[in-house]
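A.B. asks: Listed below are the residues making up each chain.
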Amino acid sequence: MAKTEEYKMFQGCTIGNRIPFLEASARKVFDKLGIKTSEAPFACCPDPVGFNSTDHLSWLAMGARNLTIAEDEGKDIISLCNGCFQTLKLVNKELIHDEHEKEKINAILKTIGREFKGTINVKHFVEVLYDIGADKIKENVVKELAGLKVACHTGCHYNRPSEIVQTDDPMKPIKLRGVVKATGAVPVDYEEEMLCCGAGVGNTEEEPAMQILNNKITSAMNAGAEAFIVNCPACFQQFDTNQKKAEKIAGKNFGIPVLYVTELLALAFGEKPDDLGLKFHRVRLSALLEKHGLS
Amino acid sequence: MVVVDYELRKKVMDAHIHDALKYCYQCARCTDVCPVAKVTDQRYNPRPVIMNSFLGLNTFMGEKDNFSLWGCTICDTCDEVCPQKIELTEIFTVLKNMSIARGEGPDYYTTQASTIYDTGKAIPMQPAIERRRKDLGLPVIEPPDADEVKKLLNETKLNKILKK
Chain A
1 MAKTEEYKMF QGCTIGNRIP FLEASARKVF DKLGIKTSEA PFACCPDPVG FNSTDHLSWL
61 AMGARNLTIA EDEGKDIISL CNGCFQTLKL VNKELIHDEH EKEKINAILK TIGREFKGTI
121 NVKHFVEVLY DIGADKIKEN VVKELAGLKV ACHTGCHYNR PSEIVQTDDP MKPIKLRGVV
181 KATGAVPVDY EEEMLCCGAG VGNTEEEPAM QILNNKITSA MNAGAEAFIV NCPACFQQFD
241 TNQKKAEKIA GKNFGIPVLY VTELLALAFG EKPDDLGLKF HRVRLSALLE KHGLS
Chain B
1 MVVVDYELRK KVMDAHIHDA LKYCYQCARC TDVCPVAKVT DQRYNPRPVI MNSFLGLNTF
61 MGEKDNFSLW GCTICDTCDE VCPQKIELTE IFTVLKNMSI ARGEGPDYYT TQASTIYDTG
121 KAIPMQPAIE RRRKDLGLPV IEPPDADEVK KLLNETKLNK ILKK
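From first to last, the protein sequence lines stand for chains A and B. Residues 1 to 295 (the numbering used here) make up the first sequence, in order. Residues 1 to 164 (the numbering used here) make up the second sequence, in order.
The following block holds chain B by itself, in its conformation from the complex (with noise of 0.2 Å):
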């Protein structure tokens, strides 16, 4: 059974662009330009996505790797082509934040949040690399003060996200 989630409804409500979500009038203009709607044959369809959202309606919720919210390829062309200037993209944002933080993300995300978290990277340097970069007469690459990095990403709570 479907039920109101208020505090999705709320966190949506609160991202900066709700004055223009309430005005989504289901066209489907999100719908027509999506590339991962045209090849999954809409088993992913922002237009549902951003109707659930503004309803409280957690449907893509509950469940890993939800497709009906993660496959979301985020090249904002949706937004683009909204004719009321709706930031969809800023909506998916806001859902797959939660989706993340009740753990039911792809490993992919969170995996590179951990590198991240760890070395200020997400693809932290290695051996054979810096040869190559040696090789082809690039510079050394200044690596991240990763402490500092930790530190700040304590702060807004990502140990707490990534369970660390």
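Isolated chain A, as found in the complex (with noise of 0.2 Å):
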């Protein structure tokens, strides 16, 4: 395997080609902790809820092809996204443990001119920040954010399933909250923090979606939370875009502001809410800043 000093960035469709301001969090918390990345033209990873469920094989092919893109270059891949994360370690590891599967695949991937090795890792950003320690962490934040209460959501396919992707705990992370905790905030314990945030029967019926995400939010907010912290992309979307539509199902505004664990760090490193496009977001974050002197 792998051990680079230098990973690939895979931002995905979803942070890439839609909300690029999850990247800029990302990019300059990684600076200051000396994570260093660059490009390659990676193709979709492609999505695990969508295109694994309309065809296994394109999937496994297309997930190998981007994987042979980085062992090209000998380099780690690191993910900011939950989806592409789980895709690209759930490939790899098939394929390295699987002859027959990787057989099929290499023949598939000869008609471009490609061939899987099975010689680098995937890593979550999660991970990476999680390994690089609290220490490094603390030793960066200007603002600390004591008081903050927030509601951690990991969402399902950072850890799932645990026996190949092997990321954390599967249902009590700890790695998250330890990221968390580095800046100041504080973690609540709420009940439904293992809960799905319903994007995914989301692409099948609306209904449901937003009651699963009415239930998630609740919870968090009888908890005392004030804020959720994501690490998946489509998880983002669904709290902070989608919350007005479980507002209408539950009948109630909620408010609660959703930030990316990245926005959070970079926040408490002392960058300017402008500067990381916090402007984009659906749920205004005024107040919160403002209350713990962060806008």
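It should be emphasised that the hints constitute simulated quantities derived from the structure, not laboratory data. Check before you lean on any hint, since a few could be wrong.
Using C-beta positions, here's what the derived DEER-type ranges look like [to be verified]:
| no. | chain 1 | residue 1 | chain 2 | residue 2 | range |
| --- | --- | --- | --- | --- | --- |
| 1 | B | D14 | A | S295 | 56 to 66 Å |
| 2 | A | R282 | B | D135 | 16 to 26 Å |
| 3 | A | E99 | B | D118 | 29 to 39 Å |
| 4 | B | M51 | A | D169 | 24 to 34 Å |
| 5 | A | N253 | B | K10 | 49 to 59 Å |
| 6 | B | V81 | A | R282 | 28 to 38 Å |
| 7 | A | A250 | B | V3 | 36 to 46 Å |
| 8 | B | L55 | A | P41 | 42 to 52 Å |
Cβ atoms here follow ideal geometry from the backbone N, Cα and C, with glycine treated the same way.
The two chains are supplied separately, each in an independent frame; assemble them into the complex guided by the hints.
C.D. replies: Put into structure tokens, the structure is as follows:
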């Protein structure tokens, strides 16, 4: 396995091509913490929810093609997205551990002059931040977020299926909480911490997705959370973009802001809200930022 | 009338997890933890999907957007709690692939796959986002080789599935 000084950046379609302000915070935080990345012409990971449900073979082949692009440079991949992370990690593991599948996919890749070798690793950015350690994060904190109560939501594809991805504990993840605590913010315990954001079923029917979201938000707010902290763009869009829809179903206003964990870190590192593009959030952050002296 | 669908049963039993599947004892731990079952009064319920799939009872085909199959939100929570270590989500993927091939999947899935087939990305780059990236000081995203992706997806016969 490659042990790289520099990662290949895999921001994915949603962050790169729809909500790039999340990437802006990630890059600022990576710079401060000395995480080096470089670009590559990756295609869609492809989506473990949509594309794998459509055709598993095509999903494997496209995932393998992306992995070969990183293999060409001998560099590990760092993913900013749960979906891309899960796809690339699962495809990598499946092809490394199943010779028959590897031969089948390599026969397909041969038509475009590529070969999967299984020589690199795929990392979720939260794993990398956690491994850097709380001390290094604390060294960079200039605005301690003490007293900010947050609900951590890792999302499903960050750590499942746990036997294969092995990122964190599947039912009691510690890494996101660890990173958040290093800023001084306080992760609350809430009953539905492990509940899905509901994005998947939303592709079929909206109402069940919004009911799941409603359960999730209600549980976090009842526990005293002032904001959600997430590490997946699909979850981010569900909590932030779709919060209004969930409010309609619940018949009440939530107005709970949502921060990507890298946005939380960037604010603690002294970055300005404008430079992070926080104005592109649907749920307003101004009251929260003001309360904690971050505006 | 429900009949045994041998093709479906063969496909499910050919999946590499079939050995575990045989030992499902219908304890319904999957149903207990399913977030969709909880909010839909079990209109979606993973337990009978598993039972019917290994019996070859094709109750989730023959209807577009069938919620008893497509209600799965792919959270993988059932996989984590199954006492028999059945990777339920993998079985659901086999069934969903069959549903798509029959033209019965929700449009979201085929539309997304079609965009990926045409452009290499699920969300193609837009000029407004390119400008926003520049304003945020972000590097240009190198576009994928769309022709190469298309060639690959013709080889996996996605073009036939999408009727392209």
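A.B. asks: Which earlier hints can't be squared with this structure?
C.D. replies: No hint contradicted; all consistent.
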